[in-house]
Structures are given as structure tokens and as C-alpha cells.
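Visitor: Chains as they are written, first to last, in full-length UniProt numbering: chain A, 1 to 228; chain B, 1 to 143.
Read the hints as simulated data drawn from the structure, not as lab findings. Quick caveat: nothing in here was measured; it's all calculated off a predicted structure. Hints may be right or wrong, so weigh each one.
Straight-line Cα separation of at most 27 Å, DSSO-like style, residue types lysine-lysine; simulated pairs [as the list claims (entries may be wrong)]: (1) K78(B) x K67(A); (2) K78(B) x K71(A); (3) K67(A) x K99(A); (4) K28(B) x K78(B); (5) K80(A) x K99(A).
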Amino acid sequence: MGREVSESCIDSLLTEMVSSYCNRFYSNTPELAARRIEAIGYQVGHQLSERYTMERPRFTEHLEAIKFICKDFWSELFKKQIDNLKTNHRGTFVLQDNKFRWLSRMSGDPSVENGTQDPESKAAQAMSMYLYFPCGIIRGALSNLGIPCAVSADISSLPAYAVSYCTALLLCVHLKMLYLLIMKLVALNPLVHLPSLFCLQLLLSVEIPYNNRWVHVLLKPFVLDLAL
Amino acid sequence: MIVCVAVVGHQNNPLYIQSFTEADDALKLHHIVHCSLDVVDERVNNPKKSGLTLNETFLGLLYPTENYKVYGYLTNTKVKFILVTTDLDVRDADVRNFFRRFHAAYVDAVSNPFHVPGKKITSRTLAERVSNIVKSFGLSSAG
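Could you put the whole structure together from the sequences, leaning on the hints where they help?
Guide: So this is what it looks like as C-alpha cells:
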């Protein structure tokens with residue numbers, strides 16, 4: 001019935017919007033950028049809910065509206081339904097999507113890693129910027145349906161996210177372990193490991209896909225060293 | 001003949017109101033629309049008394065006056081559509097059909113990214129579409 005656009009357009013629009021607001025318009029104030037992106041989502045959700053509820057009987061209670069969001073609205077937006085809906089029956093709803101469409105093609109950037117922070121939380125932080133828009137959409141839809149609410153996204157539970165995302169994080173974790181190991185050994189004997197460090201730098205900056213062979217190559221000298 | 005149609009927001013703020021009469025009775029029609037809002041509220045809050053079936057969006061005949069019949073329609077988003085007509089025998093199906101098309105026109109109008117939610121709709125396209133729907137309503141009920 002409606003006109004359609006390709007999914008990759010939506011993906012790149014979302015990435016471009018986030019990067020414009022974060023790096024260009026509000027590069028100094030990330031909270032403001034987040035608020036702006038959320039506001040855009042709010043208007044979109046507001047208008048979409050008007051359209052998608054057109055042929056439906058009115059909702060009598062909140063749960064019905066939430067169910068509508070989980071099933072119909074979610075499948076219109078993300079081409080799938082929510083995987084799990086939990087509630088404490090006091091007004092808090094937890095919607096879980098095990099393969100969130102808009103994040104399924106994203107991966108953490110291992111090159112920005114610094115040793116001070118947990119890479120998992122780092123990646124989650126980078127992803128969270130991309131979640132303000134869908135959060136805004138849900139909030140807009142719900143408030144248009146007469147449920148004023150606050151919506152927040154949480155990507156701490158890793159298995160709940162896309163396969164590609166998981167592997168990317170795994171990559172980060174492995175690289176970090178490797179990095180720490182190298183640093184530790186470098187502290188003991190700086191000169192010997194300079195080539196290894198160089199290899200690691202390469203690995204971190206050009207994002208070579210993780211595979212076991214590389215790690216073996218890198219680890220071999222350390223194993224020898226440790227034996228000594 | 002349809003003499004007036006209106007869209008009223010969820011806080012009973014008028015979003016769009018248009019009368020289709022030659023005479024200068026816009027104020028009277030606005031008053032009728034205004035009164036009908038109370039009836040809509042009553043219907044929605046006491047669904048049992050009014051025998052409303054299953055939270056349908058179409059609310060049916062709200063109330064008849066001496067010269068007019070007033071019909072109502074309430075969306076999921078608490079937007080009310082009001083229709084004032086002078087026809088005495090109106091088929092329910094016609095009115096439902098009218099509201100469905102009116103609703104579709106409204107949704108298209110508010111989907112405009114430059115429209116500010118809650119503000120009056122000034123879209124010329126909407127005005128055109130509504131007047132077309134109103135014209136065809138007269139035809140289908142006559143035929």
C-alpha cells in the first residue's frame with residue numbers, strides 16, 4: 001500500500017543523523033545531541049502511531065497499547081515482533097528484542113579502545129547514541145496513545161543483541177586481553193616486544209578481522225618468553 | 001447534505017473545522033460541534049450505558065437537533081471527528097465510510113513533517129480532499 005525505501009537507506013540515515021548531531025551540531029554537548037535526536041524520534045513516533053492505529057478499535061487499557069507497540073508497531077518498524085515482554089504490573093514494561101534490526105549491522109570500533117575502560121561498556125556507550133532515535137519513536141507513539149512515559153534503552157545484556165554485534169564485542173575483549181598481556185610483558189622487557197607491539201598496533205588500527213592464526217602468531221613469542 | 005465537519009484534538013482543542021453552507025451560520029455550527037464534545041466524553045466514559053460495542057472508533061449518532069444530526073468518531077489517539085448533516089435518513093455505512101476517508105486524509109495531513117502536533121491544520125491539500133469527500137458523501141447517500 002505505502003511507498004517503500006530500501007533498508008540500507010534507513011541504516012545510513014540513522015548513522016548519518018547520529019554522527020551529524022554528535023560530531024557537528026553539538027560536538028561539545030553530547031547530552032544536547034541526545035535530546036535533539038530523541039525529539040526527532042518523538043515526532044516520528046507521534047505521526048507513525050497515528051497512521052498505524054487507524055483501522056483498529058480503541059485501546060481500553062495501557063497493556064493493550066503496549067501489546068500493540070510490541071506486535072504491530074514493532075513489526076512495521078523493525079519487521080519483527082518483540083521477543084519478550086516483562087512487566088512489574090506497576091507501570092514498568094521491559095521490551096526485549098534479541099535481534100534489534102537497526103543495530104544488527106553495527107560493530108564496535110576496536111581502534112578507539114583505550115586500556116582504561118572496559119571495552120564492553122565502551123561499545124555499549126557508542127551504541128547508546130544510536131538508540132535515542134528508536135527510544136524517541138516509542139515514546140512518541142505511546143504518548144500519542146495517551147500514555148505519557150519515559151523510554152530508555154539498555155544494551156548491557158549482550159546475548160540479547162545481534163550476532164554480528166556479539167562477535168565484534170568478542171573481538172574487543174580478546175584484543176584487550178592481548179593488549180594487556182603484551183603491555184605486561186613489555187613492562188618486563190621493553191625491547192624484545194617492539195615488533196609485537198607494532199603488529200598489535202596494526203591489528204588495532206586497520207581492523208583486521210579476528211582469527212585465531214593471528215593471535216597465535218602474536219602470542220608465540222610471549223609463550224617462549226614466559227618459559228624463559 | 002453535510003454542513004460542517006471538524007477535527008478536535010485530545011485536549012478538546014480544535015484542529016480543523018470547516019462548514020459547507022452558504023449562509024453565515026458558522027458560529028452556530030461551531031457551537032453544535034462544541035456541544036457534541038461533551039456527548040463524546042460521556043459515551044467514552046460510560047460505554048455500558050450507551051451500548052457502545054467493543055470500543056469501536058465510530059461512535060454513531062451523538063445527538064439529533066431540530067435541523068441537524070451530529071455523528072462522532074474517536075481515534076485511538078483521542079482525536080475526535082465530528083460530522084454535522086442536515087440529511088434525515090442517513091445510512092450508517094455511509095457515515096462510517098465518510099469517517100474512514102476523513103481519518104485517512106487527516107493522517108496524511110499530520111504526517112507532514114512541517115506540521116506541529118496540536119496546532120491547527122492549515123493544509124490546503126486537506127481542505128481539498130475533505131471537500132471532495134463531502135461532495136461524494138452527498139452522491140453516495142442519494143444514489
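Visitor: Decide, hint by hint, whether the structure agrees.
Guide: Hint check results:
1. Among the hinted pairs, K78(B) with K67(A) is consistent with the structure: their alpha-carbon atoms are about 18 Å apart, no more than 27 Å.
2. Annotation: proposed proximity of K78(B) to K71(A) holds, straight-line Cα distance about 21 Å (limit 27 Å).
3. The suggested pairing of K67(A) with K99(A) holds, with an alpha-carbon distance near 19 Å, which does not exceed 27 Å.
4. Taking the CA atoms of K28(B) and K78(B), the gap is near 24 Å; set against the 27 Å cutoff, the hint holds.
5. For the hint linking K80(A) to K99(A), the alpha-carbon distance of about 9 Å falls within 27 Å, and the restraint holds.
Going through the hint list in order, the structure satisfies each hint without exception.
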